[in-house]
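Going down the list, the sequences are from chains A and B. The numbering used here numbers the first residue of the first sequence as 3 and each following residue consecutively. The numbering used here numbers the first residue of the second sequence as 72 and each following residue consecutively.
It should be emphasised that the hints constitute simulated quantities derived from the structure, not laboratory data. Positions of the beta carbon are idealized from the N, C-alpha and C atoms, including for glycine. Some hints could be false.
[Said to hold, decoys possible] Which chain B residues stay away from chain A? Per the calculated CB distances, all over 12 Å, these:
#	residue
1	Leu300
2	Pro321
3	Arg452
4	Pro552
5	His602
6	Glu624
7	Lys677
8	Glu693
9	Asn936
10	Lys980
11	Pro1070
12	Asn1180
13	Ala1187
[Claimed, not checked] Below, in silico cross-link-like pairs of lysine to any residue (SDA-like), each with a Cα-Cα straight-line distance of 20 Å or less:
#	chain 1	residue 1	chain 2	residue 2
14	A	Lys32	B	Met1214
15	A	Lys32	B	Ile1216
16	A	Lys69	B	Ile1216
17	A	Lys32	B	Leu1164
18	A	Lys69	B	Met1214
19	B	Lys1170	A	Lys69
20	A	Lys32	B	Ala1187
21	A	Lys32	B	Asn1205
22	A	Lys32	B	Lys1170
23	A	Lys32	B	Ala1168
24	A	Lys69	B	Asp1208
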Amino acid sequence: MSSELRYTANTQLEHLHARYTGTGHADLTKWEWLTHQHRDTLSSIVGHPTLASYLAIADGESIGRVKFEMTERMLQPCGPPPAKDD
Amino acid sequence: MASPPGSPRLVDSFTAPKHVLQEFAEMAEEEDIDPFAETASKRQIAARQSDYHNRRFNRQANESADAFKAAEEGAEIEGGYKEAMRLQRLEREEERVRRAIEEKERKAREEGQEKMDLDKTPPREEIIEAVKEVAASSGTKRKRRWDVEEPSDEVKAEEKGGEWSKEALEEAVPKKRRSRWDATPADVGETPKRSRWDQAPAAQPEAPMAAIIMNAPGFMHEDKHNRYLTDEELDALLPTSGYAIVTPPPGYAPLVRPPKLSATPVTEISGFHIQESSDAAAVAAAQGLAPELPTEIPGVGSLAFFKAEDAQYFAKILKEEDETELSVDEMKERKIMRLLLKIKNGTPPVRKTALRQITDKAREFGAGPLFDKILPLLMERTLEDQERHLLVKVIDRVLYKLDDLVRPYVHKILVVIEPLLIDEDYYARVEGREIISNLSKAAGLAHMISTMRPDIDHADEYVRNTTARAFSVVASALGIPSLLPFLKAVCRSKKSWQARHTGIRIVQQIAIMMGCAVLPHLRNLVECIAHGLQDEQQKVRTMTALGLAALAEAAAPYGIESFDNVLKPLWVGIRLHRGKSLAAFLKAIGFILPLMDPEYVSYYIKEVTIILIREFQTSDEEMKKIVLKVVQQCAATEGVTPQYIKQDILPDFFKAFWVRRMALDRRNYRQVVETTVELAQKAGVAEIVGRIVNDLKDEAEPYRKMVMETITKVVASLGASDIDERLEVRLVDGIIYSFQEQTTEDQVMLDGFGTVVNALGIRVKPYLTQIVSTILWRLNNKSAKVRQQAADLTTRLAVVIKQCGEDQLLSKLGLVLFEQLGEEYPDTLGSIIAAEGAIANVVGMTQMNPPVKDLLPRMTPILRNRHEKVQEATINLIGRIADRGAEFVPAREWMRICFELLDLLKAHKKGIRRAAVNSFGYIAKSLGPQDVLQVLLTNLRVQERQSRVCSTVAIAIVAETCGPFTCIPAILNEYRTAELNVRTGCLKALTFVFEYVGPQSAYYADSVVTMLEDALTDRDLVHRQTASVIVKHLALGVAGLGCEDSMLHLMNLVWPNCFETSPHVIGAVMEAIEAMRVTLGPGVLLSYILQGLFHPARKVREVYWRIYNSLYLGAADSLVPFYPDLGELSEGQNVYDRHPLQMFI
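Model the full assembly from the supplied sequences, consistent with the hints where possible.
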């Protein structure tokens, strides 16, 4: 990439990360990426009533309970971050 | 004013007075006149700005110690807050002493004068003094400021000693050295260390900032006539015996006095011009520089320009040096200077790289060396806007990197940046705010407060003003709550009224700058300043009222409850105050009124109205404006009844403000019109128009204009249904009269006429014959302006004339206008054509008189006219005819117009290009696309890029109006031409075609695939770029229309281009991929992306993550089902299965 573009693209990228969680970069770890995926999945379930009621029936729980549990699980859905080995 | 009509003119022609002519002749004889000198001085900021702005050169900057660092290291650092406060006290003391001395001198002089009165001739110095004073008072008068300190004005007049004035003479004679105590030293540069008599020497480890500023060449404002004599000169003048050099008294050091407040920069060093004996040149010469200015500097390369003043700052890098002998610090210094010179004087690419280098290495260079070089440059008197902008940018970037390392330099930076906050230029103000906000984020609130606190009660109003503004920026950067405790303390300061004044001004500035963002803190801010309304200092009371006004304006329409406490003092205050403070109180009331509940507001308005009506009579302009504004605000509130306005306000209002005098000053004029319009909203059209309509026949033209403008605005906003028959007669009569009587053809009269006639609509029918005959008569006037205005009026009236059913009048006008098409003034011609177009619009092509078949051939040659207005009017008329009545004109004529139109496709004005392109569409529709298309495709072969681009747009328009099937085959065929330009043109045309036709593209997607294959695999970058744009439009057009197979094919061809690096190409490719997301769905795209997200090569990962991010932003939610199942990667605590998705019933 030309230096100019690299410069502007990078600044924009920083901006992007600040504004939208879930966006990634070349040094993202497996755990970070998957955590985002899980959170997206959970919020998708909470956000789509049909999906939430499907899970409620499958689980035998009320829809509210399902939504609550999904929301709760968003905190570290893939467990704590793995220790860095460097 | 004007000589009575009929009286002969006194002179036939005017010519310049003789002495003026002679002056020019003399000037022409002098050879070394720089014709650019004047413009150069205008580019210089200092030369352009007022005395007040230039007071910035008087400021002293001191080091602000980093208290945090000191605490960390446990070391005592000199120059902290205590030091600053001490310095500031000394400065005040100095100021006081100086004033006392001047007072004493003045008294002495007055006494002397009394003695001298017995003499016949006053002494020479007195005459010169008097002359100077007269010149000063009659010369450019400074704008009076709200709270400028009065004594300083006197001081100023006093300080201007002439060349032979007593002071100057005293200074020139060495024996009387003692009197130098309060004089400016001859050459400040000679004192190596600006060791002030009262300053701790430890505070300046290296050459201090102020000394550098003093060294600025522009600073040496004394010309050679009244500078001090040097020792050598004195030796030559005086006998060797009988004289001794007296040693100065112990402890004496020349007081560094700021340059005279009023002294406009005497040095007018222009951009490229070297003054023979200028100090800058002398300095440069002393350092062994050639007198001519270099454009090539060793280690810097070529520069865009180099000024004489630059030589001073960059002397060290101008000559070749042996770098091996330099120490590390010296090398660093040279490096910084080179970079700065590149940034300041370099060409854009040079500048850009230098800026990046200086940013990257900022921490390495360190704050000290950087700012020691940057800040003096910013204080240079000959600084120009562009240079200032660039240097400020450097500071901004460097600040970002240095972070808390800047702490010791905060005050120095503030001294340089604060003046930007009161600059006339909006962008300079924004830049200044940006820097101070970044600075406060870097240095922290505590440090900012301790640095700026001493300036809050500075003796100089200028310093306090800028400090207040800077504080408001700090407040907006760090949040109002964090600054509130400090503000409260300052606003209640017992020590000096200046501190209270500044504190309140800070609040005012916060309100002005932050707008409605003050709302959460409104109560606190109001409480902070409320007590100032009863302050013993009048200036504080005034400022408090202004602050409240700003707060109320910012909070509108909320927050009245926060102002509860100040209502009583304000309303009591308007009975107690007079003059400026009354004006400020009224202003505050005016802004608070709109916040109030309608039930209560009428009471408060009644209270204030008495004062307002009293002040209607005022002769103070400022007061007049504020009174008008408050009346306007009162009238706009809900609680005031029309009855009240009609009875209590209107009679006095019209008596005081609807007088001829008000029309003469532009600001008054506008304010009166606005207020009257606001009153009309309550009182009604008839009431207001009825009162002023007779003045349409007033003999003063500016006054008539004011009346006309008011009527226009009132009628435009409220309509004319309120106007009864009698008033209607008077109104139309008055308008026709004032329209005919105007001497300067004005937009106001035209607008007024158009608005009123359109508002009256069909009621205007009885007057139409008279109006049209006026127009016809004026269309034949000998003045081009009058003709133009008549034509413009026709444009505005055409619709109404048609409504009234006066078709024969229209056709008469049409014919007359047609005859006028030979008009030679382009502005007038444009108006005439526009009028003809307006008539054609309302009458229709069939009834048009002159018939369209005559009109159009007449327009063809006019198309060649280069004037924009003519072009636009013509192209609009032609487009209209092509749209509605193309069949009345033979095809050959249309083809001729097509050729002419091609030229218009490259017009500068967008409106013309668009109209031309649209006309192409209409013409193609009526003629059939073949011929037009042929013209356009041939046009793709021409050299000029602009017309090729326009042709491609026109092709697309033809495709849109005549159906893509008419064009796409022709374009595909043309694409086979071997010529690069043509092929690019074809691709470009297709991009526009697919952009315009949208979903219709589904029918053509398969037919263009092979061509796109070819283009996307071409070696030429531009081909691939343009093809990607086509793919983008195509993909967006066919989304959801079942073309996924061909789109997937194109996707495979586009995808490898994602590694392109050219900005335009990569942009186009990314957009094409984005469009594919819409057509193919995010899932397909994700499967492409997954290949490279964790690729071993970083370059690949970077690109893939970028695409992933844009995909994620576009379709985060719909990606959920497509994420790969990565459960097998689970290890230990980290389980990656997405269990909820694995459930099923």
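Going through the hints against the structure:
1. In this structure leucine 300 (chain B) is separated from chain A by more than 12 Å, as the shortest Cβ-Cβ distance comes to about 57 Å.
2. The Cβ of proline 321 (chain B) lies farther than 12 Å from every Cβ of chain A, with a closest approach of about 60 Å, so its non-interface assignment holds.
3. No beta-carbon of chain A is positioned within 12 Å of the beta-carbon of arginine 452 (chain B); the least distance is around 34 Å.
4. In this structure proline 552 (chain B) is separated from chain A by more than 12 Å, as the shortest Cβ-Cβ distance comes to about 24 Å.
5. For histidine 602 (chain B), the non-interface assignment is confirmed: its Cβ lies about 42 Å from the closest Cβ of chain A, beyond the 12 Å cut-off.
6. With a least beta-carbon separation of about 32 Å from chain A, glutamate 624 (chain B) lies farther than 12 Å from that chain, consistent with its non-interface assignment.
7. No beta-carbon of chain A is positioned within 12 Å of the beta-carbon of lysine 677 (chain B); the least distance is around 52 Å.
8. The Cβ of glutamate 693 (chain B) lies farther than 12 Å from every Cβ of chain A, with a closest approach of about 46 Å, so its non-interface assignment holds.
9. No Cβ of chain A approaches the Cβ of asparagine 936 (chain B) within 12 Å, the least distance being about 42 Å, so the stated non-interface status holds.
10. Distance to chain A confirms lysine 980 (chain B) as a non-interface residue, since its nearest Cβ pair spans about 31 Å, more than 12 Å.
11. With a closest Cβ-Cβ approach of about 29 Å to chain A, proline 1070 (chain B) is found to remain outside the 12 Å limit, as its non-interface label requires.
12. With a least beta-carbon separation of about 4 Å from chain A, asparagine 1180 (chain B) fails to lie farther than 12 Å from that chain, contradicting its non-interface assignment.
13. Non-interface call for alanine 1187 (chain B) relative to chain A: violated, since the shortest CB-CB distance, roughly 6 Å, does not exceed 12 Å.
14. Between the alpha carbons of lysine 32 (chain A) and methionine 1214 (chain B) the distance comes to roughly 24 Å, so the proposed pair goes past 20 Å and is violated.
15. With a CA separation close to 31 Å, the supplied pair lysine 32 (chain A) and isoleucine 1216 (chain B) exceeds the 20 Å bound.
16. A C-alpha spacing of about 18 Å is found between lysine 69 (chain A) and isoleucine 1216 (chain B), which places the hinted pair at or below 20 Å, so the restraint holds.
17. Taking the CA atoms of lysine 32 (chain A) and leucine 1164 (chain B), the gap is near 10 Å; set against the 20 Å cutoff, the hint holds.
18. Distance hint between lysine 69 (chain A) and methionine 1214 (chain B) is fulfilled; the C-alpha atoms sit about 15 Å from each other, no more than 20 Å.
19. This hinted pair does not check out: lysine 1170 (chain B) and lysine 69 (chain A) have alpha carbons roughly 41 Å apart, beyond 20 Å.
20. Between lysine 32 (chain A) and alanine 1187 (chain B) the CA atoms are separated by roughly 18 Å; this keeps the pair inside 20 Å, and the hint holds.
21. Note on lysine 32 (chain A) and asparagine 1205 (chain B): the hinted pairing holds, with a Cα-Cα distance of about 11 Å set against a maximum of 20 Å.
22. For the hint pairing lysine 32 (chain A) with lysine 1170 (chain B), the CA-to-CA distance comes to about 18 Å; that is within 20 Å, so the pair holds.
23. For the proposed pair lysine 32 (chain A) and alanine 1168 (chain B), the alpha carbon gap of about 16 Å is at most 20 Å, so the pair holds.
24. In summary, the hint linking lysine 69 (chain A) to aspartate 1208 (chain B) is supported, as the alpha carbons are separated by about 19 Å, within the 20 Å threshold.
Of the numbered hints given earlier, the model fails hints 12, 13, 14, 15 and 19; all others are met.
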